[in-house]
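Peer 1: Chains as they are written, first to last, in the numbering used here: chain A, 1 to 377; chain B, 1001 to 1316; chain C, 2001 to 2525; chain D, 3001 to 3317.
Be aware that one or more of the hints could be misleading.
[Unchecked claim] The list that follows gives simulated cross-link-like pairs (lysine to aspartate or glutamate, EDC-like), each with its CA atoms no further than 16 Å apart: (1) K2156/C / E2144/C; (2) K2402/C / D2388/C; (3) K2414/C / E2203/C; (4) K3002/D / D3025/D; (5) K1169/B / D2388/C; (6) K2156/C / E2203/C; (7) K1300/B / D2292/C; (8) K2132/C / E2170/C; (9) K1300/B / D142/A.
Hint data in this document are derived by calculation from the structure and do not stem from the laboratory.
The residues making up each chain are set out below.
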Amino acid sequence: MKSRLTFSRGDLVVALAPIVAILLALVAGGVLLLMLGADPIQAYGTMIDGAFGSQAALLRTLTRATPLLIIAVGICIAFRAGVINIGAEGQVFVGAITAVSFSLGLGATLPAILLAPLTLLAGFLAGAFWGAIPGYLKARFDVNEILSTVMMNEIAVQLLLYLLSGPLIDPAQVAAGSRIPQSAQIPEASWLARLAPPSQVHVGLFIGLAMAVVVYLLLWRTTIGYRIRAVGQNKNASRYAGISVPRYLMLALVLSGGLAGLAGAVELQGINHRVVEGFAVGYGFSGIVVALFGRLHPLGAIPSAFLFGALLVGADKMQRTMQVPSATVTALQGLIVIFVVSSDIFVRRYNARRTARAVKAAPPPAEVNQPAPEGVV
Amino acid sequence: MNFGDVLAQALPLTILFATPYLFAALGEVFVQRSGVLNLGVEGMMLMGAFTAIYAVSSKGMGADPVVGLLIAAGVGGLMGLAMAFVSVTLQAEQGISGIGFTLFGLGLSSLLFKLLAGGVITAQGFQPIHIPFLSDIPVIGKILFQQNILVYLAFALVPILMWVLNRTKWGLQIRAVGQNPAAADSMGVNVALVRYATVIFGGIMAGIAGASLSIAATPIFQENMTEGRGFIAVALVYFGGWSPFRVMLGALLFSIANNLQIWAQILNVEIAGSTIPPNLLIMVPYILTIAVLVFTRQRKQNEPAALTKPFQRGEN
Amino acid sequence: MTSFYSPTRYQKRLAMTQTTLPSGHKRINHVEMRGITKRFPGVIANDRVDFDVKSGEIHALLGENGAGKSTLMKILYGMYKPDEGDVLLDGEIVTLNSPADALDHNIGMIHQHFMLVPTLTVAENVALGLRKQGLVLDLSAVRERLLKLAQVYGLKVNPDVPIWQLSVGEQQRVEIIKALYHGGALVILDEPTAVLTPQECSELFVTLKEMQTQGHALIFISHKLHEVQELSDRITVMRDGRVIDTTRNDGIERRKLARMMVGRDIVFQPERPPMQVGAISLSVSDLHAKNDQGLPALEGVTLDLRAGEILGLAGVSGNGQRELAEAVAGLRHATSGEVSIGGKTVTRDNVATRLKAGLAYIPEERNRDGIVGSFSVAENAILQNHADYTHGIFLNFSAINKHAATLIRSFNIKTPNAQTPAKNLSGGNVQKLILARELARKPSVLIAAQPTRGVDISATEYIHHVLIEQRSAGVAILLISEDLDEILALSDRVAVIYEGQIVGILDREDADVELLGLMMAGATP
Amino acid sequence: DKPFKVAVVMPSSTTDLAWSQSIYDALVTIQTEMGGEEAMEIAYTENMFDVTAAAQALRDYAEEGYDLVIAHGTQYGTSLFELASDYPDTSFAWGTAEDTGEDEGLTNIFAYQADAEQGGYVNGVMAAMFSETGTIGIVGPVPAGDALLYINGFIQGVNATNPDADVLLAYTGGFGDTAAAAEVAQTQIAAGADVLTGSAQQVVGAIEAVKAVDGFWFGTQSDQSLNWSENVVASQVYDWVPTLEDMIANIQYGELGGTAYTLTLENGGLTFAYGEVEVPDEIKDAAQAAIDSIIAGDIVVRQSLVEEATPEATVAS
Ligand SMILES: Nc1ncnc2c1ncn2[C@@H]1O[C@H](COP(=O)(O)OP(=O)(O)OP(=O)(O)O)[C@@H](O)[C@H]1O
Ligand SMILES: Nc1ncnc2c1ncn2[C@@H]1O[C@H](COP(=O)(O)OP(=O)(O)OP(=O)(O)O)[C@@H](O)[C@H]1O
Ligand SMILES: [Mg+2]
Ligand SMILES: [Mg+2]
């Protein structure tokens, strides 16, 4: 229950398994690279160099990891409640587009210091609303959340395109007549400070880390989190204990969506300062993967997001220097996901043995001995 | 044009473009009925789509469309096999491994596209077959009996698969394994084998679904041409309450809604004197699918109780 | 217990001479397990166990929760591979790698938790085991043979209803038919009576005796000593994975068996101090409710429950007990009628409110409804009132752990520690945990549904003791049980429910098994 | 001596038969003209729909000392401006755009764009004459940007030529969904269209649909008659070669930016490629006439239909 981060052999296995898996995936990916006539060793060399090779590289990795971390932390909440939230993608878009309208709309009127935080809040609330819809449909009409969130993603995409090519389009684009689907740039007051220019890494990184800790505390240290996890683990027993299952299913999706929306706002205020067509595409799905890599634990999401950020950055670098098609990278990511998730079985076996040996052992950290909630992928 | 004419024009395309969803979703019904969730459909469709057209295209092997179909099915089946190994034998979390296969399929299909085709690739795919006499029936004939062979195959599969599911030993074992694997196991049913079979079948169907896009509906391939259809297919399985018949209804509903919104665009349909922005019209099928679920009583009696739960003998 | 038909030695010998069974399968004359050892992480479930059973014999297996009975049987049914030891059929060593192998050797098993697919029909569940058959299901053939068997062994079943529509007793019958259909020269019954009513029990016993005379070999597991004494030829007692002793069942008395199992003496009949009834704590009037299938389950139930009394609710399972408990607890919508706790009407209130009003509920399906398996014992100890263990918005873990420790100590719950996942606890200890948790909230009304089902004798003894204690402390207890002995041992008054209505309420003195049996069949006193 | 190093970051793939391919092909042409690898190095990053990733790619190229770094997508603008100030000695090019960042005091950015509506108009003129049914389909991606300009120009061209022609316009809501494009096209064909056009990489699906009924297609961005010579009547081709050559010349001269280029019919940036469909002379002439009068300024093709809509330019339907 208490998740002290004590490092036992169990945690070592937990830490090692995915790394070994990644190595195996890279070996498999090596075949692809040979197919392309590229030297795998050199390719992976550039990949690692691109992700960790220099300070600049590390900062890039952090930049890319930031939104993924925030999304993943949200995903943890949903999955802990036994809700499969495929809808992060759409929730990110809605969060970003709302943040943009808010910042553009009230940028002039609001005091500068308040603008950035309130814009973030707007993004959070919008994402929460977008999550609340499938949440309500599930709680009230028992509509399967995979179905509703998949559909909500497509709806969000069209909504985004509609707003960007119409109501929210950058006046400059209209003036120029080029009518490119992008919003105007948000006022500087709502930007998130860069930490180490020229690198793009920004305050959002700390927001992400803070969220991870907050959500960890929420899930394992508060009554709300206790109920969310109880509902996720056993709906019947929760009902019998007087916990309102629908309410907490809903709450989980709201918070989950909220964090995705926040991620959208953070990416907007930290990097782009405007929403453009193709903004944050694919972040939602990456976020799910990051969350599951992190064993659905908010703190686990931190290294997991860093790893995935590194993967993205390193892979781009590889694409550039080796001039291999970007598709190689996508395939490689797929392989890594598959291999890592497959490696879970060894972790589970180890934990099973350990919980059985708990007689002598100290209380095992929650993050490793809590199995995926019922119905969770 | 009055609505009747529009409908008469819309229905043939509705049926044509429902087939990719139908193939993929029918396969997923079997996968889920046996207690496995396969979110890799998208990737398997893409691999099927590319290999099929590459086999058929003159740029590629220039083979007969049937060969292309078989190759697509084979490739889908192979990916299904891999998925089965990961989710059944290694008991990996199914959603995430599925997403892994989606990424892998997207990447590999695009890669092969670049390596082998080099650029946009087209082919002489399956042509519409006019069924004698029937195809001459006014309206109906054009809607139902002037389609390509894959369309006929997809819809023929619905009753067949219903029959397999509800009337055969395999169907019985699939339903049992999905509901209560421990019970099935205690009756000597090989749970792993059944799940391998369904997941491979699901892969084959996804591969065919891809082929039905790339060498039937529109004989061409572009990177990521499925554009999320695999996920829609999975959603349709829930829409159809794990019943082949209802999944078909779902695919048709989704498809006709989409075609009608295209009509609404080209006819400049106006509401309150102003035309509706295209992007809003394009949302309609997605909204409709959810709405229908909300307003119709959902059937859960086929819901596989063991969905996404790996089976380990003795752990229950 | 109602008496049952007992075969004469002659009939037995006659059966022995035949080599095939009425079910048409070959007989197994002798099943032996030699030196079986099975280790699970952290436990040795079976430790060099020798065990055997002969054709025409009923061999009972006794032992506390966690003694290793089910494990041993699962090995015999091919579900686990033993770490050491052999299984011999008629002298030949056989390897059983899966239930399929066991079925091929005509071994059938009825599991502690039923192995039926709820959505499939009886016939389909049976057909599932047919491996040598064509692709197209021939359910009519299955149906035919099934009915024939049912007739031979005197079992009533309808092949075409889905399992979820059947009462537990009927499901039990399906399990037996299943076993017989697929061989069942040896049939293992793991706690088959745990969920049965007396009537169903005696029916089962008749069947088992019948099978015995037909030359089946039977292994029978139960926590109810009188059943074991009544039924078995030989008795093997296990403790902590070891065999303590195997004896013939000739007039060996319960205390001795109990001592072999537990290692100390057991009080079977708790003495009940005279009761001081107080005010009405729970009152149910004209309550109506539907069951999961939307059919009427409660049709005007009226009950008053006073502080300091135990009201036993007797009835054949599926007559509305479960729905009544759930309707009172607020888990099931009452279509009409009134429920009030401590004089306060709660008919419209949700579960939480009713719990606060002083209600406590020990659900029948303890592992499904009573605990969150993956949560630690400590987390489970605060399932309802975790809100009371906080400072600010945070859970107060020192308080929670202290609370858990107290419960573990005062209810001597056997667990490695408070952080162990509750699902690792044995049946009896899960029940103790739930009981402890509910009582720690100092309820005024306690609904205990099948509180000792599947629980071993020492835990049963303890639970009974605690219930009496609570009664003396002025708690109003509604005891829902299909075990009439339990009802009669604990209750001050006994209400009998039949088809969703209370057919009568008797004082303890006027109640006896026969009368109750009649009333449970619908007869009004 | 040392080769001229060009890097380009683009939103879709080099084989999209559209926006991204148009710039990539141009670079390859120039490379061959200049004398291959040793004269000019080309590095590209494709499918960079993620703008954050694109920004990092651009920065990398700047860091690695490329002479010209091309951000081939409007969405890359924000990060490009940051970048340009960090690497004043590197030359950047940004399209579609006309802002070279002079207001921000930047001197090392070239901007480029295409007046898609001009070729659209010409295509419209030809389409209107080509259509026998008088019904013409347009398969659009999203009603914005380059596609919108082209479509608006096309519609003006059609209306100017045949005021009672029926223009069936529908969008797919995406850029890459070939099947969706095919369905839109087939629907328009079902509604009587015999001549179609469209924009973005998805159109290949639509062209296949047209091919299936032996209909006719008018293309844009890159020469689509190469793949469908019997169906693609004409394609407006973005020829970035002159623009790029001029940029390179400027850079070698020491001018790292400040110029905004626009592909027009006048400056030969917009050209027309014809397939094997034989085009009646009168249509060819009408097209040429339109081109001439656009260049001469006698015809002003508006980028939008709504503003001061004149009768002959409103959509008939
Ligand atoms: N091959 C068949 N021939 C005749 N009836 C069939 C066949 N297959 C299925 N059916 C019946 O047709 C109806 C629709 O079947 P389907 O499986 O799609 O629905 P379902 O929701 O699964 O219903 P069921 O509970 O029967 O499986 C069901 O009643 C089913 O029993
Ligand atoms: N699959 C398993 N994994 C780990 N430990 C197990 C498993 N199955 C049983 N055990 C342990 O083995 C021991 C024996 O369990 P078993 O179920 O055989 O006892 P039992 O005699 O059947 O108890 P009960 O009377 O409660 O059914 C117990 O300590 C139990 O916790
Ligand atoms: Mg069915
Ligand atoms: Mg047992």
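Peer 1: State for each hint whether it applies.
Peer 2: How the hints compare with the structure:
no.: 1; hint: K2156/C / E2144/C; verdict: holds, 14 Å
no.: 2; hint: K2402/C / D2388/C; verdict: holds, 13 Å
no.: 3; hint: K2414/C / E2203/C; verdict: violated, 36 Å
no.: 4; hint: K3002/D / D3025/D; verdict: violated, 23 Å
no.: 5; hint: K1169/B / D2388/C; verdict: violated, 54 Å
no.: 6; hint: K2156/C / E2203/C; verdict: holds, 10 Å
no.: 7; hint: K1300/B / D2292/C; verdict: holds, 13 Å
no.: 8; hint: K2132/C / E2170/C; verdict: violated, 27 Å
no.: 9; hint: K1300/B / D142/A; verdict: holds, 10 Å
Checked against the numbered hints above, the structure violates hints 3, 4, 5, 8; every other hint is satisfied.
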